[in-house]
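Residue numbers (UniProt numbering), protein chains in the order written: chain A, 1 to 326; chain B, 1 to 326; chain C, 1 to 420; chain D, 1 to 420.
Warning: the hint list may mix true and false statements.
[What the hints assert, rightly or not] No more than 30 angstroms apart at the CA atoms, straight line, and that leaves these computed lysine-lysine pairs for BS3-like:
{"hint": "1", "chain 1": "D", "residue 1": "LYS204", "chain 2": "A", "residue 2": "LYS5"}
{"hint": "2", "chain 1": "A", "residue 1": "LYS48", "chain 2": "A", "residue 2": "LYS35"}
{"hint": "3", "chain 1": "B", "residue 1": "LYS112", "chain 2": "C", "residue 2": "LYS204"}
{"hint": "4", "chain 1": "D", "residue 1": "LYS368", "chain 2": "A", "residue 2": "LYS35"}
{"hint": "5", "chain 1": "B", "residue 1": "LYS110", "chain 2": "C", "residue 2": "LYS204"}
{"hint": "6", "chain 1": "D", "residue 1": "LYS368", "chain 2": "A", "residue 2": "LYS112"}
{"hint": "7", "chain 1": "C", "residue 1": "LYS204", "chain 2": "B", "residue 2": "LYS35"}
{"hint": "8", "chain 1": "B", "residue 1": "LYS5", "chain 2": "B", "residue 2": "LYS25"}
{"hint": "9", "chain 1": "B", "residue 1": "LYS25", "chain 2": "C", "residue 2": "LYS368"}
{"hint": "10", "chain 1": "A", "residue 1": "LYS25", "chain 2": "D", "residue 2": "LYS204"}
{"hint": "11", "chain 1": "A", "residue 1": "LYS48", "chain 2": "A", "residue 2": "LYS182"}
{"hint": "12", "chain 1": "C", "residue 1": "LYS368", "chain 2": "B", "residue 2": "LYS48"}
{"hint": "13", "chain 1": "B", "residue 1": "LYS110", "chain 2": "C", "residue 2": "LYS368"}
{"hint": "14", "chain 1": "B", "residue 1": "LYS35", "chain 2": "B", "residue 2": "LYS182"}
{"hint": "15", "chain 1": "A", "residue 1": "LYS182", "chain 2": "A", "residue 2": "LYS110"}
{"hint": "16", "chain 1": "B", "residue 1": "LYS25", "chain 2": "B", "residue 2": "LYS35"}
{"hint": "17", "chain 1": "B", "residue 1": "LYS35", "chain 2": "B", "residue 2": "LYS4"}
{"hint": "18", "chain 1": "A", "residue 1": "LYS254", "chain 2": "A", "residue 2": "LYS216"}
{"hint": "19", "chain 1": "A", "residue 1": "LYS110", "chain 2": "D", "residue 2": "LYS368"}
{"hint": "20", "chain 1": "D", "residue 1": "LYS368", "chain 2": "A", "residue 2": "LYS48"}
[Claimed, not checked] Computed, partial: chain A to chain C, Cβ under 10 angstroms:
{"hint": "21", "residue": "GLU31"}
{"hint": "22", "residue": "LYS35"}
{"hint": "23", "residue": "LEU36"}
{"hint": "24", "residue": "THR58"}
{"hint": "25", "residue": "PRO59"}
{"hint": "26", "residue": "PHE90"}
{"hint": "27", "residue": "VAL111"}
{"hint": "28", "residue": "HIS130"}
{"hint": "29", "residue": "GLU188"}
{"hint": "30", "residue": "ALA193"}
{"hint": "31", "residue": "PRO299"}
{"hint": "32", "residue": "TYR326"}
Source of the hints: derived by calculation from the structure; they are not laboratory data.
Backbone N, C-alpha and C define an ideal beta-carbon position, used for all residues, glycine too.
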Amino acid sequence: MAVKKLPIAKAINESLRTALENDPKVLVMGEDVGKLGGVFRVTDGLQKDFGEERVIDTPLAESGIVGTAIGLALRGYRPVVEIQFDGFVFPAYDQIVTQLAKMHARALGKVKVPVVIRIPYGGGIGAVEHHSESPEALFAHVAGLKVVSPSNASDAYWMLQQAIQSDDPVIYFEPKRRYWDKSEVDTEAVPGALHRAVVAREGADLTLAAYGPMVKVCMEAAAAAEEEGKSLEVVDLRSISPMDFDTVQRSVEKTRRLVVVHEAPVFLGSGAELAARITERCFYHLEAPVLRVGGYHAPYPPARLEDEYLPGLDRVLDAVDRSLAY
Amino acid sequence: MAVKKLPIAKAINESLRTALENDPKVLVMGEDVGKLGGVFRVTDGLQKDFGEERVIDTPLAESGIVGTAIGLALRGYRPVVEIQFDGFVFPAYDQIVTQLAKMHARALGKVKVPVVIRIPYGGGIGAVEHHSESPEALFAHVAGLKVVSPSNASDAYWMLQQAIQSDDPVIYFEPKRRYWDKSEVDTEAVPGALHRAVVAREGADLTLAAYGPMVKVCMEAAAAAEEEGKSLEVVDLRSISPMDFDTVQRSVEKTRRLVVVHEAPVFLGSGAELAARITERCFYHLEAPVLRVGGYHAPYPPARLEDEYLPGLDRVLDAVDRSLAY
Amino acid sequence: MTVDSADSTAAAQQAQPPRKRAAAKKTAAKKATHTKKAAAKKSPKRSPETAPRETPQGQSELVQLLTPEGERVANPEFDAYVDAVTDDELRGLYRDMVMSRRFDAEAVTLQRQGELGLWPSLLGQEAAQVGSGRATRRDDYVFPTYREHGVAWCRGVDPTNLLGMFRGVNNGGWDPGSNNFHLYTIVIGSQTLHATGYAMGAAKDGTDSAVIAYFGDGASSQGDVAESFTFAAVYNAPVVFFCQNNQWAISEPTERQTRVPLYQRAQGYGFPGVRVDGNDVLACLAVTRWALERARRGEGPTLVEAFTYRMGAHTTSDDPTRYRADDERASWEAKDPIERLRAYLASQTDTDEGFFAELDAESEALGKRVREVVRAMPDPGHMAIFENVYADGHALVDEERAQFAAYQASFADEPAGEGV
Amino acid sequence: MTVDSADSTAAAQQAQPPRKRAAAKKTAAKKATHTKKAAAKKSPKRSPETAPRETPQGQSELVQLLTPEGERVANPEFDAYVDAVTDDELRGLYRDMVMSRRFDAEAVTLQRQGELGLWPSLLGQEAAQVGSGRATRRDDYVFPTYREHGVAWCRGVDPTNLLGMFRGVNNGGWDPGSNNFHLYTIVIGSQTLHATGYAMGAAKDGTDSAVIAYFGDGASSQGDVAESFTFAAVYNAPVVFFCQNNQWAISEPTERQTRVPLYQRAQGYGFPGVRVDGNDVLACLAVTRWALERARRGEGPTLVEAFTYRMGAHTTSDDPTRYRADDERASWEAKDPIERLRAYLASQTDTDEGFFAELDAESEALGKRVREVVRAMPDPGHMAIFENVYADGHALVDEERAQFAAYQASFADEPAGEGV
Ligand SMILES: Cc1ncc(C[n+]2csc(CCOP(=O)(O)OP(=O)(O)O)c2C)c(N)n1
Ligand SMILES: Cc1ncc(C[n+]2csc(CCOP(=O)(O)OP(=O)(O)O)c2C)c(N)n1
Ligand SMILES: [Mg+2]
Ligand SMILES: [Mg+2]
């Protein structure tokens, strides 16, 4: 049966399995991805079925993981790299931004480096430091990378398929606190384009734009607002680089108001770009400035404070009210 | 005599010398900062006068440089680290964002890590790859860091003094293509606050906001516009984190139009934040959307293309015209 | 009562002029004629898994002073570093290990009960941590990973301080300066560079303080650790790199990190590396003293690989049954660091049952105190999000703090929930 | 005419089954009975600065087959790798070095004339590059730094291709696949990881191709290089790490990077390291062949440290008078790699003046061609900014490209200036 109800983590697992089956060049690499199946069990069972040559436990060195993945890609492989947590991608940052992002251009297109980097990201799981961050803007600012983040199991499955098939490097941010949220996946569907946003809920009064873990919060906010008679449209951006400004623009031309929500700090977060861009495109349509709801300009706080730090229903609705008050 | 006309590179050199003289805890560290005086001669003569224990040639390892600087800071030193070129800071990115930026908060304020990281940045010098980048947004997004960039010799001197005196980590971006531009430095003046923007030129019709190397371009654009009867105000932001929104707001409330200019790619560049923030603050004042002029979403191009890539007079004036046309 | 080199070896040491002196003469302790009264010295038994091999210093590969059965074996190179250790001090080491283990077990329990979010247990590594921790002097500085609860104990850090970050009320938060024990560092390997820089600073200051950096077998693969070796060697920094090779990095065995014993890594950077039996507290004390004294004398860095075993899960979130066999653990239980010293104390010293009984009570009291302190540990106030982001303030943080306060105030009808 | 192992050793090699076979038997070449007719084999002269020392392999520290005076010295370990080298092939190596130097000199001149923005000269490193480059097989893969013009030459890369990035018309841009010669990498050390990954892939593919990664003495400090050693060792990757220790990293002498010879670094990672006289093309050929053959046989990585000297400035932007003494350079001129082989050719082979004269003419012709090609090298069109940022396209790039084109078109009255 092609349609299954799966949690996001399992959808990613199935997507990796499909990719390993379909293309002998696909490799899965990272710390503890083998016998352990990763700390979130996302790669569970893959090494058992595909062997140590294809599902590779690596030394504990993120720069080495990404750097060797680049070499493997140059040799014709399609490595799918796992970074164990968001906060541990930075040792690999140099390889990602100076090598992975630029090699295709450096070679005037004569080499391709189809590396996918999977990063469980975001907070809300009560973890210790470095395990709850949302660094997507730090990658999206860098040309040569593509950055995506699914919000549901179907997108998790399909966007990973597409990321692996892409000849470009893709940073695939997994909303770790939604790993166990279930939804339907049709593994025989024809997926939409990887970098297109979708209207996840239609509405008339204001547009909420989000991606990854915040889509759920926005859907809940829209449901709550409906009870108060406000009709909110929710756009699931899905892709952060490129960002589908067209879809947001269409929505905002209709609703005339936009609130962007992400966990990452607001200052220079991806909402800044969306706000600037949509303001430029919809200057005469906007009834209110684009408002942003996100993390504060502070290190991700200890777990006991994360509920206050993370954008939740109330803060989103507060911004909605402020926008509607213009 | 306290007032001298100095090129920016020399003003930085003097500022380092002053700091080394005034505080025995100040150290200068980096690749080739000793006998060579750095590839731009910014540290020229310092090792000769202060010795190898204070002006330290380091192994070729940026993470090691910043990581040991953190350790030295914990021991009570005030290291001023040189990264040879913008594109070579990334091996140190992990130490900067996961350690340097967060250690003060991690310790609930019980330790301080007063490390200054000097980075010659930006293009326009006809260099090879990795020598012309503007990565400031990648640091400004990260809480715990302060990010500044002087545009003239006096600021170069004083802002470095203030950065070294600050108990916070400061990323000090030096506009390398302006290194040899001269202006007056009063080494006995009372400097303005490190993180305040200044109005570099007054005007009535539109505000240009820039920092570092682009201030000069904006000043030239304002001069050129004047001949066409347009009165442009130029704000030299000076500090990227924190960004002085108040000064820009005051200016925009007057001129009602804002164009932000930086060399860094526009997408998720610091102009996105300024645009989003000023739009929010000045929603009813703005006659036109905030426009941004900057680099494209592409790797910094080979030298023969950099004039096309970099924001120049024409592109700034083009944006001014587009803004005024609203 | 406890072995603290501020009291024993280091006392002699302090009489010496600072660093860069007497590079030829090894140490005052070496000349000590006092020998353990009942310590039968015979040739060391080796773990079967490692063939005897010469270290760069000509020592046999695994330095061991106490066999798993608690017999004292002679070691011409390192005996001198512990010859002056009294029975009381041995009991002190034993107590340190027992208290560390008891504290650790309590933390595991507290995690199970939901009082902590996570806990990385030191179970099995008590000897490596206590032996090395007790080798440090008060003015030395320690850079731990996230598992050095036993070292923290030896440094005099109140163990309840270690729990805040795992409870989620802070990210560390104790004052590193009050015990010269830096905050736990989670990003693997980073702290080895901080330690190296700190040591460079200590040398610049003309002190003879040394620094010790802890890291794991997994961490040995990180570029930062390699860079710290380079910096330490080039600047001849007084730092000891103390690698607890507990044979696992979460689910990965050491073979995923290296194909030769880790202590050998040092040689290629130009300083000595030694492998010590990490379950032998006496050997760990001796080797770490030796390494720290090298540092004090201006002889630069040393790598100590303490060969030990992580007897528990990686953390309370981990499930080791997925990747390693139970019998592996069983074989290591036979090498338990606490049992081994207990056997020695019981057979070779006049330690009576009363000592062990008292210690039982003392450790139970510790467990109780830890439980109580944790349960009473207040959540931080919401505004703590904005505290200490910067030392000198930051306009955006001020703005966001004010907005947040106003937003919180808008729920004024609801309870404030501000904790502290 | 030239020594290309696709013709010589490798021919024999190709007859062998692929990797992981015959680990015992060293190489076919080893059994070769052909000896240099006039090569007087005597014990090697050593550079005075390095005391003889044993490598892990038991070789004497600096492998040298030709003295600075051009005398052939015996080396029981490595002679076998070059015993089959004919006089013609020796002349080929000589030609490679002369052509590389001539090309390099032309590039320096072109930089002075403003045709190039920058040039990193290989002057003095010809033997290291040609010896190692000629040891590679066609199907091997090379990951250079930014100074491997001589290796590029040996790989058959048209040298004018190397100039684009230094002229500022591209960032490399040749097709790495056509000569298995990767793009120059400027961020120090990064390419060693790419090489290791590529080698892991080659092994996965079941080929017996090997990979060689070049890097400098300065680069040895980068964490990436250490991580590449770890990955290569753990996965037993068929990669040769070829470190050209030219004793300077811009202004920093090697002592700023290490306090022991760099080849020793390898041992701590569990693979062999060898120091070879980097100004001796024959020794570089022999040692690199040995290392590559180890890789082919499945014996994993090797570190080769070619001890040489950067006779010129770091790049044309550099001023070495600020940090090193002239006499240092003078002493190395006496060890010139080209002079040394010339002396050997002149005294020990039947090479006549005609050969040298012809080569002079040939190298002058190369200089001329390089000059002409560079001067005619077109600037890229403006739109090239937006090309190849992504392989599969990117909406923002498309949007910016269109805006840019429209903006350019708004200057329609001005000349288009589109170059190509
Ligand atoms: C840079 C980085 N990558 C990954 C992790 C996740 N992680 C935490 S502990 C650990 C294993 C560490 O193993 P080792 O160094 O042997 O120390 P041990 O836990 O055994 O004490 C990993 C992979 C991390 N904390 N930091
Ligand atoms: C990460 C990084 N840091 C700094 C630089 C600047 N830089 C270019 S070459 C060089 C020295 C390299 O020395 P070495 O590795 O010995 O190679 P050599 O130039 O001697 O061939 C430096 C510091 C760089 N390119 N990359
Ligand atoms: Mg371990
Ligand atoms: Mg060099």
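Verification of the supplied hints:
Our distance criterion of 30 angstroms between C-alpha atoms is broken by D/LYS204 and A/LYS5, whose separation comes to about 36 angstroms. Note on A/LYS48 and A/LYS35: the hinted pairing holds, with a Cα-Cα distance of about 7 angstroms set against a maximum of 30 angstroms. For the given pair, B/LYS112 sits about 19 angstroms from C/LYS204 by alpha-carbon distance, which is consistent with the 30 angstroms threshold. Between D/LYS368 and A/LYS35 the CA atoms are separated by roughly 61 angstroms; this puts the pair beyond 30 angstroms, and the hint is violated.
Taking the CA atoms of B/LYS110 and C/LYS204, the gap is about 23 angstroms. The hint holds against a cut of 30 angstroms. Restraint check for D/LYS368 and A/LYS112: not satisfied, since their Cα atoms lie roughly 35 angstroms apart, outside the 30 angstroms limit. For the hint linking C/LYS204 to B/LYS35, the alpha-carbon distance of about 20 angstroms falls within 30 angstroms, and the restraint holds. For the given pair, B/LYS5 sits about 29 angstroms from B/LYS25 by alpha-carbon distance, which is consistent with the 30 angstroms threshold.
Between B/LYS25 and C/LYS368 the CA atoms are separated by roughly 45 angstroms; this puts the pair beyond 30 angstroms, and the hint is violated. With a CA separation close to 10 angstroms, the supplied pair A/LYS25 and D/LYS204 stays within the 30 angstroms bound. Of the pairs offered as hints, the one joining A/LYS48 and A/LYS182 holds, with about 25 angstroms between alpha carbons and a cut-off of 30 angstroms not exceeded. Our distance criterion of 30 angstroms between C-alpha atoms is broken by C/LYS368 and B/LYS48, whose separation comes to about 61 angstroms.
This hinted pair checks out: B/LYS110 and C/LYS368 have alpha carbons roughly 29 angstroms apart, not beyond 30 angstroms. Restraint check: the Cα-Cα separation between B/LYS35 and B/LYS182 comes to about 25 angstroms, which is no more than 30 angstroms; the hinted pair holds. Under the criterion of a C-alpha separation no larger than 30 angstroms, the hint pairing A/LYS182 with A/LYS110 is inconsistent with the structure, at around 41 angstroms. Pair hint B/LYS25 plus B/LYS35 holds up; C-alpha atoms about 21 angstroms apart against a cutoff of 30 angstroms.
For the given pair, B/LYS35 sits about 26 angstroms from B/LYS4 by alpha-carbon distance, which is consistent with the 30 angstroms threshold. The straight-line distance between the Cα atoms of A/LYS254 and A/LYS216 is roughly 22 angstroms, inside the 30 angstroms bound, and the hint therefore holds. For the hint linking A/LYS110 to D/LYS368, the alpha-carbon distance of about 29 angstroms falls within 30 angstroms, and the restraint holds. Pair hint D/LYS368 plus A/LYS48 does not hold up; C-alpha atoms about 61 angstroms apart against a cutoff of 30 angstroms.
Taking 10 angstroms as the C-beta contact cut-off toward chain C, the hint placing A/GLU31 at the interface holds, the least distance being around 7 angstroms. For A/LYS35, the interface hint holds, since its Cβ comes within 10 angstroms of a Cβ in chain C; the closest pair sits about 4 angstroms apart. Residue-level restraint check for A/LEU36 holds (minimum Cβ-Cβ distance to chain C is 4 angstroms; threshold 10 angstroms). Nearest Cβ of chain C to the Cβ of A/THR58: about 7 angstroms, under the 10 angstroms cut. The hint holds.
Interface hint at A/PRO59: satisfied, since its Cβ lies 4 angstroms from the closest Cβ of chain C, which is below the 10 angstroms cut-off. Hint on A/PHE90 holds. Least Cβ distance to chain C is approximately 8 angstroms, under the 10 angstroms limit. About 24 angstroms separates the beta-carbon of A/VAL111 from the nearest beta-carbon of chain C, more than 10 angstroms, and the hint is not met. At about 5 angstroms, the closest approach between the beta carbon of A/HIS130 and any beta carbon in chain C falls short of 10 angstroms, and the interface hint on this residue holds.
Hint on A/GLU188 is violated. Least Cβ distance to chain C is approximately 32 angstroms, over the 10 angstroms limit. Because the beta carbon of A/ALA193 sits about 36 angstroms from the nearest beta carbon in chain C, more than 10 angstroms, this interface hint is broken. Contact between A/PRO299 and chain C, as hinted, is supported at the beta carbon level, the nearest pair being about 7 angstroms apart and thus within 10 angstroms. For A/TYR326, the shortest C-beta to C-beta distance to chain C is roughly 17 angstroms, which exceeds 10 angstroms, and the interface hint is violated.
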